[in-house]
Every structure is written in structure tokens, then in C-alpha cells.
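2 protein chains.
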Amino acid sequence: MKIVILCLFVSALCWGQTDECRPSSLNIPGAPYPCVHPDRSVTFRVSAPDAQKVQVRLGGAHDMTKGSDGLWMATIPPQVVGFHYYSLVIDGATVADPATRTFFGSGWDNSGIEIPEPASDAAYYSAKDVPHGQVAQRWYYSKVTGKWRRCYVYTPSEYEAKSGGKYPVLYLLHGWGENEQGWHTQGHVDLIMDNLIAEKRAKPMIVVMDNLNAVAPGADASLYAARGIIAHASMAEVAPAGGRGAPAAAGRGGFPTNWGTVFTDMMFTDLVPMIERTYRVAPGRENRAMAGLSMGGMQSFLTVLGNLDKFAYLGGFSGSSGGRGGFDPKTSNNGVFADAAAFNKKMKVLFLGIGSVEGPGTKNFSEALTTAGVHNVYFESPGTAHDWLTWRRCLNDFAPRLFK
Amino acid sequence: MKIVILCLFVSALCWGQTDECRPSSLNIPGAPYPCVHPDRSVTFRVSAPDAQKVQVRLGGAHDMTKGSDGLWMATIPPQVVGFHYYSLVIDGATVADPATRTFFGSGWDNSGIEIPEPASDAAYYSAKDVPHGQVAQRWYYSKVTGKWRRCYVYTPSEYEAKSGGKYPVLYLLHGWGENEQGWHTQGHVDLIMDNLIAEKRAKPMIVVMDNLNAVAPGADASLYAARGIIAHASMAEVAPAGGRGAPAAAGRGGFPTNWGTVFTDMMFTDLVPMIERTYRVAPGRENRAMAGLSMGGMQSFLTVLGNLDKFAYLGGFSGSSGGRGGFDPKTSNNGVFADAAAFNKKMKVLFLGIGSVEGPGTKNFSEALTTAGVHNVYFESPGTAHDWLTWRRCLNDFAPRLFK
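For the protein sequence lines, the chains are A and B, in the order given. Numbering-wise, the first sequence is residues 17 to 420 according to this note's numbering. Numbering-wise, the second sequence is residues 17 to 420 according to this note's numbering.
It should be emphasised that the hints constitute simulated quantities derived from the structure, not laboratory data. There could be a bad hint or two in this list.
What the hints assert, rightly or not - FRET-style restraints, in silico, Cβ to Cβ: (1) B:A298 <-> A:E174: 19 to 25 Å; (2) B:N360 <-> A:P299: 52 to 58 Å; (3) B:P376 <-> A:Q68: 45 to 51 Å.
C-beta: ideal position from N, C-alpha, C; glycine also.
Please build the complete structure, drawing on both the sequences and the hints.
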């Protein structure tokens, strides 16, 4: 309740005391809807003149009402600040809202809306008059998967300006149902890093954003399903003979036991060598970090805790290897935490971030680690949920701790 | 007719004589539909259990048929090879197909399908085992528009590998209703350039892809409308008081007379200086080229023909300043062609490309230029229309002619 009141107060200031409904920053150019009211309620609109029932799905499902002009509208209750995926349901068809840019989440290109924070809170991921790095799209061939893969690589402004110099690397992963585009579209990784580096809060570093989905040739595609890249309702069926073989069901649970090992293998066989061949990379484990959000956090824990000779920094943003109970410092993660002193010596930063409304699991895990003598940083993002604003804040807190 | 027969023959070879319907390469992972049959007919499918009428719009509108499972399907006639935008109409709502990745065209994120060519024809824009450059996303502030802008910059593989060396620059524009993402998503600019450079057919160069939309602060937003970035049906209305001010109508015709001058001003004031400050750019007009497709071709002609002191190469892909009749070499384009010998001395390559099914306008323009003594290259892409396969082929023919 306190949070809601604060939000109302701040947003009233921000909106200049009017009740103007502002178009979301993610709308296509010129689209007046969806728009966000000063109290963070949101009005949606879509043209569907012959439809019987239209809903907007953001959190729950909200019925829209048809006007005489064939335009359906709905105003939904105040939303948490940050980026949210949403979709429309038009006579049973789940589709993206044509009024917004789309974002790859839950395995398809659905709609996104940004519920704005006060400008001062959003400053760290806003474009400012500071030197700007770049995010590069790069294709490479993976021997492990037998396929061409795409990753995105952030290089800081000075990387090009200086012809020499070597840089440490952070490998940074998206979450379930997302892909390698998430961090530079939903996450604003480039603006966050540009601002941190300009303020000398973070060391200039390279950030590599890959796709956490990696399947060995011929492996069961259910691995993909478990990883959330076949999630849209239209897809959750058996493909016809000769089709690509979509599995019968897809869900967040029931990961195959080997779900992360192919990625780890691909990373060390294909990705890291390509990066170190292509960029001016500082050598050694103390110049290599890995982090990820949600399932990407789980992947990061799996990869790093099994390869402490290769990494000195590890971050889990709303996802790690613990927090679900059953953690035993002596045996969990193949006993990597059993000798806390040895672990602490190797791991320079073990970071656990979470949104305050996501539940106590990550905090419990952090406390269990601390009790076991394992040094770790616990970061809690106030008032945010399991979505991108939590993860932008995690990165903003994590990156300054690296490579010092 | 000859073309259709040839296509049938080649695709039968390509598909291994089966009647398998292959998922489009642009589908979201795991989606079996849309799929392309050996004869290049296409089957679409969408789940819309409560809809009364569903159509797919690709070229014309095609009715879909509802099955007992609530899935609507349609198989539409054989399509021309290449990339096509399409959309679904569900009870009157025009939306993207949730089964494909989306692509910004006609001013919104709609669906795309790739009707494959024989692999040998598509080789020049396919990923191969050659050195790969990168496409970088870069933010910069424009003094002319008073806004942050985003461009994408291709740098060849050797740009990073060598710490010295300066490179010529091609400025390359998208078309009406598209944006700065078009060339590296729909256009495969990086793969085309990687392959040309690896075969030593093109000189290593930097390619800058910006957004051709540029509006001065406070200028009438109808400029945006004319440029096709407010095109979706839901948007073509007057915004409510306090909204972003969408104009009453949007269309391809009726460009304001100053439609391209703000972009030109922005380019010389903001974009080119940023590029030349940031990258190792070879100096002078003989190291600078500009080209674009459709409206981007019109913009390129406007910018370059008015600034021959700054460019030595110009390309129009399905778009230029002529071809609509009324061309007079003595007076058109402010008389830049009046002294053909002087023009030929300055312009090292004037390139006019077009798809063979787009009509004779560009060929007529080329011939009128030739008759007037103006050297030019006419390139015709066989069997393709006003879409991205024509423009990939144009780039593949144009780039090897540059900076020699």
C-alpha cells in the first residue's frame, strides 16, 4: 500500500498534475494506445469490428468493450513499473497488439509495454550525453550444435577509440522463452553499461549475450520445449508428418536432466573461442564473468560452478541454483560450496538478485550460503516482479562489482 | 509462365521430389506453419476457436477455413520467391501471425515469410564458413531532430582484426514504412557483404543503415504519416486530446515538398560526423556512397544529387528520382544532369536496380539518362517484385562496383 501511494505521488509530479494518458514508449510510431495514466492504470485499444469478444492479457485477462466505431477499449488497474509482455485475445486467437513493437518472450513475438518509472529512477538506463558503446550482431558456427548461431556483443565506447588494450568479458543470458535479443531490447544493456562506465562506476568491459538454447544434432526437440521456445498456444501440438516436430506439450517444469550441459559444452567449444579470437579479450578466469536472469541464472550457476577454473564472477538475477529448498552446502552443486574458504578464494563475487515481490527463495538461499560461510551479495529490487526492470537493476548493481 | 515452370522444376529438385510442406525459415522455433510446398504454394494455420471469419493477407486476401479443432487453415497459390510481409485478419482485426517472427514494415511489426529460392541462388546471402563481420546497434543524439536516433553499422571482419586501416562508407537506406532494422533482418546485409568480401568481389567497407525518417522539432507529424510510419489501420485516426497526435490519414502519396531535406540536413549535421568520429573512415567523396530502396532510393537521389561534392557513388533500388515520366535532363533534379560530361566525371557509379515484375519506369529512366549521355548501370532482378529479394540482389550487384 505504501508503494502504491508513493507511486501515485511521484507519477503525479512526473505527469505535471494532469490526467493525461501517455502512449507507451514501446508503441509503434504515432500509436496513441496503449497509454499509461498517471496512476499507472493502462488503456488499450484495438480495431476488431467483427469480433464477439476481445481481451487484453497482462497479468490476468481483462475484457475489452466495443465502441460504435468498431474499436475495442479497456482500462486495466494500475501496473507495477517496468517492462511487461502482454497479448490480445480476439475471439480466442492469442495475438500481439498491432499497436506496439513486439518482443520475443514466452517463445514468440508478443507485445510489450513499459510502465514508466520517475525519470530520476530510470536515469541509469536512459540515453545520456556520454560516450556510447555499441551492441553488435555476430553470426558464428557451432560445432556442438551443428548450426549457425547468433549472439550480440556490447563493446564500450573506448574499445574502438583505443586501438590497443584488452578487456574483461561478462557473458550475460536471457530467461525462459526469450532469446539473445532480450538484453539489448528489453534490458537496455548498452545504455546501462554506457552510463556506468561514463561515471567510472564500472570498468570498461565486453558483454556477450548469447542464446541459452543449445541442442545437440538429433537430440530430442523436447529440450527446446522445456526451454520455452515452443510456447505459443498455436504451437503446442504435434506437428504433421514431415513437419518440424513440435512436441506435444511445453512448459516450465520437467527439464530434462541434461538441459544445461549442451549449452556449457557449446560455450566452451564454440562461443568463448570465437569471442577471444575476434575481440581484444583480457586473459584468465579473473577477467571472465557469467550471469543470467531466471533460467539464464540457472544456466550460469550450472556453467560456472562446474568450471571455477574459468570464471571468477557469477550472478543470478531471479534465478540461480538454489532457493527452492533442499540446499545442502556440503552436497549441493556437486559439493562446490563444501569448502567455503576455498570457494571464497576462487569466487570474487557471487551475486544473487531478486525483485522484492518474487518471494523469499533467493533471500533464503543467500542466507543459507552465508550461514555456510560462503560470501555472497544479496540484492533486492524494491517493488518489482519477475520481469525486466528487476534485471536492469540487477545488472546496474552487479556490473560495478566486476573485475576490480 | 516460363518462370513458373522453371521454379517448379528447380524446387522439385530442392525438395527431393517429395510434397513435404516446409516451415518458413522465419517461423518462431518449432512452429510447423506457415509452410511452403514444393510448388511454392503456402499453407497457413492459426488458432482462433471463436472467430467467425479469418483471412490471410499476402498480396490479396485469402479466406481461411475452420477445422473442428478450432484451427483455421488456408493454402494459397504459389508465391514469388523472396521475403514477403503478410498479416492475418481475425474478425476484422489486422494482426501479425503469432507463428512467425515479426518485421517492421508498413509502419508496424507484421509477419514475414521467406519463399525459398534454390540454395544455389540463395548462396550469396547464406551464412558460409568465411570471416564474418558484424552489425552494430549505435545510439546518437541528433541536433537537427532534437532526438536520440539509432543506426546500425556493418563493419567487415578485418576491421577488428587489423588495428589500422581506413575504410570507405556506404550509407544504405530502407523503404517506406520500414526502419533502420530492415537491411540486417530482411536484407541480410551482413551475410551479403561477408560473402562478397571473402570472394574479393567487393572492397572491405563500412555500411551505415539509418532511419530515413527525420522530423524537425515541432514539425507537423504528417511528415511521419507520409513516410509510412503511421500506417496500421488502428492508427489512422485522430489521437485523443493530449495524445501523441496521430494524423487523420496516412498514405504513400502526397509527400510534403520538404520531405527529404530534414533527413539530408540531419545526415550531414549528425550522422556522418558521428560515423567519422567513431570509425576509421577513409576521407573524401570518393570513399562515400549512398543507396536506398524504394523511398530510400528517392532519399538517396535527393541527398546525393544535391551534394556531389560529398559522394561519388549513388544507387537506387526500386526507387530513384525518375521513372515516373516528365524527366528532362536539362532541368530535372535542379539541372544536375544538364552537363553530362561534368556529371560523369564526378559520379563514378550511378546504379539503377529494379525487379523485373515492377514495371518499366526504372528502365525508361536509365535509357533517358543514357540518351542524355549520363553514364549509368541498369540492373534488373529476374522474376522478383517490389520486395527484399530484389533489393538483396541489387546490393549484391552494386557493392562490387564501389570504391574501385
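Do the hints match the structure? See the list:
| no. | hint | result |
| --- | --- | --- |
| 1 | B:A298 <-> A:E174: 19 to 25 Å | holds, 22 Å |
| 2 | B:N360 <-> A:P299: 52 to 58 Å | holds, 54 Å |
| 3 | B:P376 <-> A:Q68: 45 to 51 Å | holds, 48 Å |
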